[in-house]
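Protein chains: 2
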Amino acid sequence: MVRNLEYPKKPQNTVKRYDSRGTYDLGAIHSIINTTSVLHVSFAPSPDEPFPAILPMIGVMGSFEYPSAGIDEPLDCYLHGYVSSRIMRLARASDKGLPLCVAATKVDGLVLSLTPNSHSYNYRSAVLQGYAKPVESDEEKLYAMRLITNKVVDGRWENTRVPPDNVEMTSTTILRVKVETGSGKIRQGGPHDEAKDEKRDDIIEKVWTGVVPVYEAFDTPIPSTTNKVRQVPSYLDAYVSQTNSGNRQAALDAVNEP
Amino acid sequence: MVRNLEYPKKPQNTVKRYDSRGTYDLGAIHSIINTTSVLHVSFAPSPDEPFPAILPMIGVMGSFEYPSAGIDEPLDCYLHGYVSSRIMRLARASDKGLPLCVAATKVDGLVLSLTPNSHSYNYRSAVLQGYAKPVESDEEKLYAMRLITNKVVDGRWENTRVPPDNVEMTSTTILRVKVETGSGKIRQGGPHDEAKDEKRDDIIEKVWTGVVPVYEAFDTPIPSTTNKVRQVPSYLDAYVSQTNSGNRQAALDAVNEP
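Chains L and F, in that order, give the protein sequences. Following full-length UniProt numbering, the numbering of the first sequence begins with 1 at its first residue and continues without gaps. Following full-length UniProt numbering, the numbering of the second sequence begins with 1 at its first residue and continues without gaps.
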């Protein structure tokens with residue numbers, strides 16, 4: 001029997017509105033994080049500052065302890081940043097780790113119904129909450145740097161000048177977020193209208209309803225002015241075309257009712 | 001002389017890392033907010049909860065007081081949500097308004113350089129901080145609902161069943177965020193490598209460098225099973241094709257050095 005691991009439901013991560021769209025499945029949540037180009041990371045900058053801060057960051061799920069762990073197993077979230085940035089200083093200064101909220105959202109479609117009130121997006125969103133500390137050992141740092149680089153383009157790490165030298169290692173800080181809770185929310189399908197509108201001919205004959213599929217697209221890679229490699233390498237070419245067709249297919253699949 | 005309004009630089013919104021990429025220009029920041037499908041909104045759920053919360057929300061800049069205000073003039077940020085959600089309850093309960101951070105990020109390209117350390121994204125990001133209160137008057141609520149709907153698809157409000165009825169009006173809460181500070185960050189151009197790598201033939205002959213343009217794409221609208229309007233309406237058709245060509249062009253333009 002296949003058993004799916006789930007994040008524990010706590011007050012702060014339990015999906016209330018449209019709770020049938022909620023998921024606590026590790027695999028579903030980690031996959032959304034790993035396929036989202038930019039994560040939004042929130043933290044409280046200081047006790048006397050009323051506003052939380054949000055940073056757009058690159059991050060990826062991984063386990064240095066169990067590198068063979070699957071996407072549906074317990075993982076940490078690794079975030080990449082500059083050594084002296086505020087978030088890194090706060091994480092370094094805190095004993096337990098800096099409390100962070102990490103969010104990833106992918107829009108899969110514009111859902112257009114008869115009345116603005118029932119308009120929606122098809123989407124996949126994930127939120128993690130946990131305590132962040134800077135990674136100390138070079139081995140774990142390299143492990144996370146490779147994961148992060150290969151999240152941007154699969155196979156890129158192995159096809160660049162590696163390993164990072166001393167200056168590069170010390171100027172980069174990797175945060176490891178130990179996840180306390182997580183949740184996801186997924187909306188799929190077409191528009192859902194109410195009977196009061198669907199029964200009125202004057203409305204249904206006038207208003208187009210349906211879904212505009214939305215996805216992140218890559219265009220043809222453009223070489224830099226200093227590039228000396230004549231052809232786009234096959235790993236990059238394959239990544240671009242596979243990501244494009246996968247992203248588009250996910251948006252089209254989301255049009256169908258779950 | 002054209003004078004551009006800027007948000008005041010305060011400790012919490014001053015761009016430090018790569019400060020030349022920072023912008024405080026109202027027009028630039030508001031445009032990023034208005035063209036991003038999903039905003040990430042952060043708030044502190046309660047004093048005894050260590051983690052900030054992040055919600056993906058739909059929002060738009062506008063001014064009910066001065067509806068003719070341009071995108072580069074002082075505007076509020078209107079956010080749309082369900083009446084009994086936690087963020088709405090907190091905003092309703094607070095006298096000054098709920099302190100929020102609103103973030104919008106658009107990825108324009110993967111910037112691939114000789115070594116992972118200099119990899120980057122081309123991007124446009126914006127952050128606003130301000131106090132949120134629920135909109136009280138029906139007039140302002142309708143103003144904001146129309147702006148929000150037409151942000152999703154330009155002209156959609158006028159082509160659906162409007163105005164919302166009483167049930168729809170009372171089940172929806174619109175937050176108005178009075179902006180205290182804001183900042184943006186924009187990265188454009190190709191990869192920037194260091195001389196130590198650019199001088200080594202073994203590296204430059206092996207590693208492809210350049211930019212993969214990235215943009216949000218719309219696919220052909222797919223009618224719902226109950227749709228009765230035979231042809232995709234011209235406002236929707238135009239919006240899909242104009243957004244696609246505009247988004248793609250922005251990603252291609254970002255490849256050039258600013």
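Don't read these hints as lab results, they were simulated from the structure. Treat the hints with caution; some may be incorrect.
For chains that are exact copies, the list does not tell them apart, and a pair is met inside one copy or across any two.
[As the list claims (entries may be wrong)] Straight-line alpha carbon distances no greater than 25 Å define the calculated DMTMM-like cross-link-like pairs of lysine to aspartate or glutamate that follow: (1) K133 / E49; (2) K178 / D165; (3) K185 / E168; (4) K141 / E257; (5) K96 / E49; (6) K185 / E158; (7) K228 / D197.
Bear in mind the structure is a predicted one, so any value in this text is a computation, not a measurement.
Evaluated hints:
1. When the C-alpha separation of K133 and E49 is checked against a cutoff of 25 Å, the pair qualifies both within a copy, at 22 Å, and between copies, at 19 Å.
2. In this assembly of identical chains, K178 and D165 lie within 25 Å of each other by CA distance neither inside one copy nor across copies; the values are 27 Å within and 46 Å between.
3. Taking the shortest alpha-carbon separations for K185 and E168, only the inter-copy value of 23 Å comes in at or below 25 Å, while the best intra-copy value is 37 Å.
4. Taking identical chains as interchangeable, the C-alpha atoms of K141 and E257 are never at most 25 Å apart, the minima being 42 Å within one chain and 31 Å between chains.
5. When the C-alpha separation of K96 and E49 is checked against a cutoff of 25 Å, the pair qualifies both within a copy, at 21 Å, and between copies, at 15 Å.
6. In the homo-oligomer, the alpha carbons of K185 and E158 never lie at most 25 Å apart, since the shortest distance is 34 Å inside one protomer and 30 Å across protomers.
7. With identical chains, the CA atoms of K228 and D197 are at most 25 Å apart between copies only, with a shortest distance of 13 Å across copies and 61 Å within one.
In summary, the structure is inconsistent with hints 2, 4 and 6 from the numbered list given earlier, while agreeing with the others.
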